[in-house]
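J.: Take a look at the letters that make up each chain.
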Amino acid sequence: MAAMTMTRAESRPSDDGPSRVQTFLSRHGGMMPSFAAVFILVLLFIGGEIFLRGDFIRPLTISNLLIDNAYLLVLAVGMTFVILTGGIDLSVGSVMAFTGMLGAKLLAEGLPVGVAVPAMLLGGAAIGLFIGVLVQYFGVQPFIASLAGLFLGRGLAFIVSLSSIKVENDAVLWLQSTRIKIGDWVITPTGIIALVTVAIAAFVLHLTRFGRTIYAIGGSEQSARLMGLKVGRAKIGAYVISGTCAGLAGLLLTAYSNAGYPRNGIGTELDAIAAVVIGGTLLTGGRGFVLGSMIGVLVYGTIKTIINFMGAEQAWMQIIVGALLLLFIVVQRAIVARSEGRR
Amino acid sequence: MTVDIDVPPIVEMRGITIRFPGVLALDGVDFTLRPGEVHSLMGENGAGKSTLIKALTGVYGIDAGSITVAGERRTFSTAADAQDAGISTVYQEVNLCTNLTVGENVMLGHEQRRGTGIDWKATHREAARHLESLGLSLDTRSMLASHSIAIQQLVAISRAMVLDAKVLILDEPTSSLDRGEVEQLFGVIRDLRGKGVAILFVSHFLDQVYEISDRITVLRNGTLVGEHPIAELPRDALVTKMIGRELEDLAAIANSSHRVIDRTGTPVVKATGLGKRGVLEPADLEIYEGEVVGIAGLLGSGRTELVRLLYGADRADEGEVEVHGKGTKVHQPRHAIEHRISLSSENRREEGVVADLTVAENIVLGIQARQGWMRKIPKKDQDAVVKEYIEALGVRPANPNALVGNLSGGNQQKVLLARWLATAPELLVLDEPTRGIDVGAKADIQRKVAELSAQGLSVIFISSELEEVLRLAQRVVVLRDRRKIGELDAADTDLDTLIDYIANAGEGSAA
Amino acid sequence: MTAIYRHRLFWPIVALVTLIVINAVARPQFIKIRVQDGELYGPLISILRDSAPLMLVALGMTIVIATRGIDLSVGAIMAVSGAVALTIIDGAEDPGNVGTVLIACIVAVLVSLVLGAWNGFLVSVVGIQPIIATLVLMLAGRGVALLITGGFITTVNSEPYSFIASGYLFALPFAFLIGVVAIVILSLVERRTALGVLTEAVGINPEASRLAGVRSRSIIWGAYIVSGTLAGVAGLIYASNIKAADANAAGVFIELYAILAVVLGGTSLNGGKFSIAGTVVGVLIIQTLDSTILFLGVSSAQSPVFFAIVVVIVVIVQSARLRDGLAALTARVRSRGAGVQDSDKVEVA
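Chains as they are written, first to last, in my numbering: chain E, 228 to 570; chain V, 2 to 512; chain Y, 651 to 999.
Here chain E stands alone, though its shape is the one from the complex (with noise of 0.2 Å):
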């Protein structure tokens, strides 16, 4: 009986205190790809400081990080939702373009913002609803029923004008001139927003069964289901709030350049999935965190800026973001492995 009552000793983590460290892995082992991303973050910092003598750590260029990319983190926020339940939205880029060009075109027919702003929000969370009805009621593969999407937000914005809408309205603008300093720290509206959106995502995420549920789709949806989990909901749900981050993302990016443009935000969506990944969100589902995308979209606005600061080409911008992509699909396609090794 020796050998059954060892294995079984084992299994039971109460019988001797295990390590720390095990503990630690056993409990945080998924968060392992968003420290890579903070430890990417901290290398491309100190790496800015030293090619740039100084001129890189300082707060404005920090705080130019979060304006500039206000409206890719909270479109990286949306893609998450999704992601975590192992699907893609490839609409958020053009449903962007869609909804800043609406906004703009009503701001332009002399409507108030109140009526303006929540258009642009409507307008991406039906397109959401559309994409989350074709995945969860026709069983459309989430790449597929985003690319309608894609298509669509594409053409719609383009019905709206084949060329830019400029923007005059005060209360739009405002939300991207207007500079708020703390000390040397600058932060404008829409860097407040961004910000809100992550807080409120990471709290649906964490602290609701909404975002549990999200969670335990991505892990196994089957699971999910016989665990009478309300999952129909929740995914149909998932693209409706990446749908909605986007036309927020529209509002934020016809701020940041005063004008609604029909071409704005092609292949955002590619650059909104690499963050995400890059944050360490698993793009088969079920692990990640919003907190993790928000270090992928610093990740991707830092280089992005160390290279313009170098005055190199923008080619080195795809390159790189390419080779950081394929970086940490490959440390988590290992990670992957292993956990199924363990079991």
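Simulated from the structure, these hints should not be mistaken for laboratory data. Hints should not be assumed to be uniformly reliable.
[Stated by the list, open to error] Here chain V is said to cover these stretches of chain Y; the calculated rule only asks that three of the stretch's residues, wherever they fall, bring their Cβ under 8 Å from a Cβ of chain V:
1) 763-774
2) 860-869
[To be verified] In silico DSS-like links for lysine-lysine, alpha-carbon gap of 25 Å or less:
3) V/LYS388 x V/LYS377
4) V/LYS271 x V/LYS327
5) V/LYS449 x V/LYS388
6) Y/LYS923 x V/LYS388
7) V/LYS377 x Y/LYS682
8) E/LYS408 x E/LYS332
9) V/LYS242 x V/LYS196
10) V/LYS330 x V/LYS277
11) V/LYS381 x Y/LYS893
12) V/LYS327 x V/LYS277
13) V/LYS167 x E/LYS457
14) Y/LYS923 x V/LYS380
15) E/LYS531 x E/LYS408
16) V/LYS271 x V/LYS330
17) V/LYS277 x E/LYS457
[What the hints assert, rightly or not] Just a sample of chain Y residues kept apart from chain E, beta carbon distances all over 10 Å, derived:
18) TRP661
19) VAL748
20) TYR818
21) ALA821
Glycine residues also receive a C-beta, built at the ideal position from the N, C-alpha and C atoms.
Fit chains V and Y to the supplied structure of chain E, relying on the hints for placement.
T.: This is chains V and Y only, laid out in the frame that chain E set:
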């Protein structure tokens, strides 16, 4: 542990009928479950056990009949409906989310809330309380994936307790547990029974059924055979009820298998010290011409792992394989196939048939893969091979252009067998070839194995149904806890001896 | 009759014919074909000519999708291929030399082949999901193309190079003939050898195929190489058409249209059974639809809305859920569970 027959039943199923395309899965089955009893549902694979359970848990709708729970007539359309009625299920393949913590898996959907958000501290405390009531003290904040399947199973039961289940369904909960873990589980079951929970238990281990049950309901081919208190149903009577009239037919196979094998020459295949870290301790295996070697052991004992290493499906990190006395490297299945070794996986759907290809394409796949893609086997030759094996094995429907995915389990298994026989193997490895298929197909496959081995084919035969192993094999290799513990001569081994050997042999040296 | 109706090319062909008929009625010149200097001209011929890049990309995509994969990097590979070819021609002493153009094309296609092999390596050896593995190159590829062209739009004036897109051979556009050659070669290879059925087996059930002795890894790898190579040729045609290498604009969204063409042709994104003829029909539908939308006076920028509608119709028609729903109308509704559950229902039976 007698159950008061006067206690009103908690679950009453009457005349349950469920039809699938072309199959009557359940035909007017009655089933009752009383509070405070452990009721075993018995039947061969395909008898309708899991269908009945899925009707009770809201996974399937029923075509006829009624389900009454606690005196109230119910129709379940989702798993959530059944849970609301107090029915919880723990499935064989644990249906939890391994990406979440233990505590969260216990409490998911029932988290403690404070204000608008989840109160994690209280939730974990509540989870710990439920786990402790089953005698488990786990770190509720650890990831579920970091625990063994056995622990995960107990976590799933704790979850059922959170739902305040009046009925607990345990579908094959012990198939991947070792003996100690089973004891732990049974302790929990007895405890719950004492608290008045009605437990529906399904297992194919007879010992366990007799150890834990109060009553037994037997199903066969989708119909009710009978319901009996455990004391009134001896084992042989139970087996007869489960299997029906097929016993004599199979006895004939057993007689033809009792041949003497010439083990003086070179073995067809010989493995020495074949092992892989964390998967299987080094094991030896020899198979001679015309011999059927059975491999016995519980699920997870290493029996599947051993043949997968031999076949190159997984790569061994130590050991040698000799084919006809010549050392060879088998790193990939196609290397094995080149040496005329074939393996039919235990996992027919995932690793066996290619569902969306036709019967013909599936049969030809093995020989075509060996030839390489450049040299396509001419249509005429393909047709001849396919026709030959469809007839020889009695594949139904005998239509080479039918999609394999639409065939019954037994016929899919025959298609797989055909694929491998078409490659003219010298060693055929069959891992659980009779699992989940109807009784007739089971007999067909066993008859074929006996016939082929009599003609000189060497076979490794793995089955959870030890009677099959003893019936077909001349020699039985026994594994336990990922280790080979010995070999038995099938001629002087009966079922009880074998079960005892699997459970107890070699204990002394194990530590 | 039901055999024709049920054939999986039935609906795609009906759609294509309907489109052509609508166009022919609305503008009779649509189906007119002129002969000029022994060369054919007309809207239909233009559609054939313009469809060449999409045709090549979609053919490669078909093979990749059959293995249960997807190749998002084709547009980026087109950009790289065009950039490589034009940079070589631009740098040569005599851009009009046939030999120079030939070498440039060969090098460009070889580079594309290597990029395809890189995708295949990530998918089949490293084991990364195809969407993500090819996303890497989709992002980085354009950067590489930009570096090659030095961030500018390289334009060349090379007679032989222009011939690729606008030349004629045997009275037909040369670009179209390239597409035809690719179709013929792929059809022959897939059907005359066992590669077709082995690819389908790998796509339907990779593990079962491996255990059956199929070289799954090589087959998957090969599919990405084919896709990359064909995208490279498509990139040459694209660059030849505009006589320039535009790293930002070449092949934008082509991966999406190619996937759409494959799906329109009846090949499931879940891998397995594929139809090259279906993809050809799918490409022609897209190209004809594009020409129709332009004819309707809709800006080409707005045409994505139409494609969105097409995608939705196609996926809904193909949706198992809908088919179950229709079946349930004729039979009796029994399971009120999700459509997903219907599949495991059969499994247990």
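J.: Against this structure, judge whether each hint is valid.
T.: Tested hints:
no., hint, in the structure
1, 763-774, "violated (count 0)"
2, 860-869, "holds (count 7)"
3, V/LYS388 x V/LYS377, "holds, 18 Å"
4, V/LYS271 x V/LYS327, "holds, 9 Å"
5, V/LYS449 x V/LYS388, "holds, 17 Å"
6, Y/LYS923 x V/LYS388, "holds, 23 Å"
7, V/LYS377 x Y/LYS682, "violated, 44 Å"
8, E/LYS408 x E/LYS332, "violated, 32 Å"
9, V/LYS242 x V/LYS196, "violated, 32 Å"
10, V/LYS330 x V/LYS277, "holds, 15 Å"
11, V/LYS381 x Y/LYS893, "violated, 52 Å"
12, V/LYS327 x V/LYS277, "holds, 22 Å"
13, V/LYS167 x E/LYS457, "holds, 22 Å"
14, Y/LYS923 x V/LYS380, "holds, 19 Å"
15, E/LYS531 x E/LYS408, "holds, 24 Å"
16, V/LYS271 x V/LYS330, "holds, 12 Å"
17, V/LYS277 x E/LYS457, "violated, 42 Å"
18, TRP661, "holds, 17 Å"
19, VAL748, "holds, 31 Å"
20, TYR818, "holds, 34 Å"
21, ALA821, "holds, 36 Å"
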